[in-house]
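**Q** Given the coordinates of chain W, work out where chain U should sit on it, guided by the hints.
For reference, the chains in residue letters:
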Amino acid sequence: MRRALFPIGLAVSLALAFVFLTLPVAAVFLRASPVELVRQLGSELAVDAMLVTLQTSTIALALILVVGTPAAYALARWQFRGRSVVVALTELPLVLPPAVAGIGLLAALGTRGLLGGTLDAFGVRIPFTQAAVILAVTFVASPFYLRQALVALEALDPDVLDAARTLGASPARVFRRIVLPLSGGALGAGATLAWARGIGEFGATILFAGSLQGETQTLPLAIYAAFDLDRTVALALGALLIIISLAVLLTAKLLPSWTRSSLTSASSAARSTSM
Amino acid sequence: MLRAALAALAVLAAAACGGGEPDGRLTVLAAASLTEVLPEVDPEPRYSFAGSDALATQIREGAPADVYIAASLRHPGELLAEGLIGQPTAFARNRLVIAVPSGNPASIKTARDIAKSGVRLVMAAPGVPAGDYARSALRALGEHAALENVVSFEDDVKGVVGKVALGEVDAGIVYATDIARIADVAETIEIPDWAQPSITYLGAVVADSPNGQRASEYIEHLLSGGAAALEAAGFRRP
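Residue numbers (the numbering used here), protein chains in the order written: chain W, 1 to 275; chain U, 1 to 238.
If we strip away everything but chain W, and leave its shape as in the complex, we get (with noise of 0.2 Å):
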């Protein structure tokens, strides 16, 4: 009899979590019908908020891309003084509070901020324009590629690496052709769940951007804005949130197992292509 009773409070733990964590997505859900859920995306403060995400998280992830990977592959093949200094800052967005991201980017960017006097002699004003939604997202969805890029990179076989550069290939080229297609799927999942925090950026984003529909209103924005207003649409760009979320989070889970099952064919790919 007592022995039963610890698989029971376990079960009963497993069940009160997994109703506890589910119950809010699916009560999204449960207080619209579908049709009407549907119906409200098409709404143009919906219209306006997707756009607007799809944009500036777009530029965003191009941006975290284009200077994280090459910024990663340099922690992770360069041992120096301070490195895990170094690691643990460009991790902190992590864990830093939004509120914190946004009134520090003000602080740094806005017209009144540390470089908003330089920024103004060039004539550009970032605060409440839709770069400052951007920069707002890129700062707090980065670490989330730097860190799983950091990891990947640093697990692939450093004598591959020097093999080829052995045989006579640029460091460039060795990046480029060995490097990306080894950690491409781990890169990829890294580079997913950074998209799917930025387009749920809420907190940086509202005090570096405000808030103006079709300009600087997201999708978490427009759904703050509903609120109050029409809470269908609220609900619906919750339900649509939802969605991506969890397509986000397949993605992520799948990506990775999908670069290890093709190892061994890149990395012949990779062989035969740079001897």
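For the record, the hints were derived by calculation from the structure and aren't laboratory data.
Just so it is clear, CB atoms sit at the ideal spot from N, CA and C, and this is done for glycine as well.
Be a bit skeptical, because a hint or two may be false.
Claimed, not checked - Some chain U residues judged to face chain W by a derived CB distance under 7 Å, without partners named:
#	residue
1	Ser48
2	Gln58
3	Glu61
4	Gly62
5	Ala63
6	Lys158
7	Gly159
8	Gly162
**A** Then chain U, alone, in the frame of chain W:
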């Protein structure tokens, strides 16, 4: 890869220059209580509705905007003194009411009842015009103790309206003009005239606006062609 980086930066720079352009649509930053009425007065501009205080902060931070419309005298006064907006024009007045969810769960009969213990009250935060007006009405009613009942201070008056409409609270202090949209889910308790603060809406051209002429025409329109729509929505003449 370098080319991709440059392309991304070019797009970023282009995005940084967007908004508040000459000959583009006017950008109007307006008090949240005007959310429904201003697009009726003139559907053309791009509107951003929020608490007048939050909008003032945006203007100080250089947000691209052409017109600033506040529900208070204080915020335009400060911005005028800082040289960030032109001379403000008064174009409407409003009054406060208490909104309760349909069925009036806390049985609020008069304005004073919101100070009864156990009433879950929402109002706008201090510094937000609707919040400051609500406080001064409570003081005039001699019911400053009602602040003890506040379960949430909202960023703007629409936050208060939304919480009442959800039925999540017993009462909220809002503008009389906020009631129409939630009339099917809320009831109104009047606040007597003698406890009403003076609530005036001011519009001003943002000093940095590249569309100064059209911005002042927009504000003139609020006093002339747009006045009927404002009155229909329950706003009073200045």
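**Q** Look at each hint and say if it fits the structure.
**A** Hint check:
| no. | hint | result |
| --- | --- | --- |
| 1 | Ser48 | 4 Å, holds |
| 2 | Gln58 | 5 Å, holds |
| 3 | Glu61 | 4 Å, holds |
| 4 | Gly62 | 4 Å, holds |
| 5 | Ala63 | 3 Å, holds |
| 6 | Lys158 | 4 Å, holds |
| 7 | Gly159 | 5 Å, holds |
| 8 | Gly162 | 3 Å, holds |
Hint compliance for this structure: every hint is met.
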